[in-house]
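Chemist: Chain residues, written in single-letter form:
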Amino acid sequence: MPSCTECSAPLSPPTDAVEGEIVPCPECGTELEIVGLDPVALALAPEVEEDWGE
Amino acid sequence: MTEPAQMPEAASAPASAPPPVHAPTPAPSRIDDEAAVDLLEELVSAPSLSGEETLAVTLLVLRMRELGFDAHVDAAGNAVGVIGTGSPHMILLGHIDTVSGVVPVRREAGRLYGRGSVDAKGPLVAFVVASARAAAAGRLGGRVTVIGCVEEEVASSRGAHQAATLPAPDACIIGEPSRWDRITLGYKGYLRARLSRVIDAGHGAHDRASAAAQACRLGVHLEARAAEFDAGRTSVWERLLVHVSRVSAGSDGLQDRAELDLVLRLPAELPPDAAQAWLTEHAAGWTVACEGGLSAWDGPRTTSLHRALSRAIASQGGRARFVRKTGTADLNVVAPAWGCPALAYGPGDASLDHTPDEHIEIAEFLAGVAVLEHLLANPAWAAPAD
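Protein chains in written order, with the numbering used here: chain S, 14 to 67; chain Z, 1357 to 1742.
Some clues are possibly wrong.
[Unchecked claim] Pairwise CB distance ranges (calculated): (1) C41(S) x R1386(Z): 42 to 50 Å; (2) C41(S) x R1463(Z): 49 to 57 Å; (3) R1386(Z) x T28(S): 24 to 32 Å; (4) V1600(Z) x P15(S): 50 to 58 Å; (5) T18(S) x R1602(Z): 48 to 56 Å; (6) C41(S) x G1588(Z): 25 to 33 Å; (7) T1636(Z) x T18(S): 43 to 51 Å; (8) T28(S) x V1576(Z): 54 to 62 Å.
I should point out that these hints are in silico values taken from the structure, not numbers from a laboratory.
All figures in this text were calculated on a predicted structure; none of them were measured in a lab.
Note that beta-carbon positions come from the ideal geometry of N, C-alpha and C, so glycine has one too.
Model the full structure from these sequences, guided by the hints.
Modeler: Structure below.
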């Protein structure tokens, strides 16, 4: 079972999750990105981008 | 337009008025890509400068009815169309008004040019087409309300404030261009201000700063104070942006008057009231008048709505990216009012907003439609976890 990269809590991402989806750790709230599906792999989610304009 | 533009009835008609007589709603049929682009071109061709949106709103209401929506014009002049029934309920809200400047409407090299093509009729029409397609396919899970808002490009945000009086939906998406594979989480706050001062008139050969010079110096002074505020803040999202939009001065022979117009883009920690106090503190001796204050708004990226949209982007071969932007949008008005999962999404390149080169890539527009259709056909966006 995949686990949080920060607190090691076990996670169960949705079965229909896709790569790039962001899921929160239920224990520490860290945002994690699904970077692989077979098997499920997690990484610390990238920083939110910034952009000018509307 | 191919039909006479008869003004659809406003929902706010007096109680004594006869009930609205809507055109018969035909059985929904799928709108193909060519018809979708035709609809976008038609709407872009209808001028809709802020405050002058009636023609475009009328057109959009008529076209929504043809596509199976129950559509009307609301009390603020917004185009409102509902398709599907029951719950969950999604509101897709885009703005139909544009800034000034004529950009000849034309298709060229896979692009549709025209004022409003990307900001924001492209995203708005993508909402309409995607909803209609999902409904025609019998896959619309629940109910979708599409709102074409008036006056987003001016300080009043009149259309969004009217929409915000509606009962909260289960989720909402604001139509602004952010690329077909990118999701906007939040926008900075906004405050428009006019600083003015009157001084006694005097001969220009004397050693004194004219009213005009004082206004210019004030602008530079405030930019410097904003830079101090921003010290240590590496993120544009956290910074206070001061934009001098106009400097004006004049005299009646006895008194000289100077005006400095500013647009402030506000970080989350500086709501409009605090920003006005900041201006007053740093513009001693000037009269400060503000309008159009909106606080910054920033949402999470882990709601069911965000995850479902990520999956919809993936369904078209993309990988969702997330962004916060320096502008301000109707998201800042309705998201805090409704308190539901909310984000902004729409095909197109926002760097083309308000430019003489404004256009939208037709392939990207259609990709955005496909993403939204996929989203609406899979009501996972309203999972109870939210």
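Chemist: Check the structure against each numbered hint from earlier and tell me which ones fail, lowest number first.
Modeler: Violated: none.
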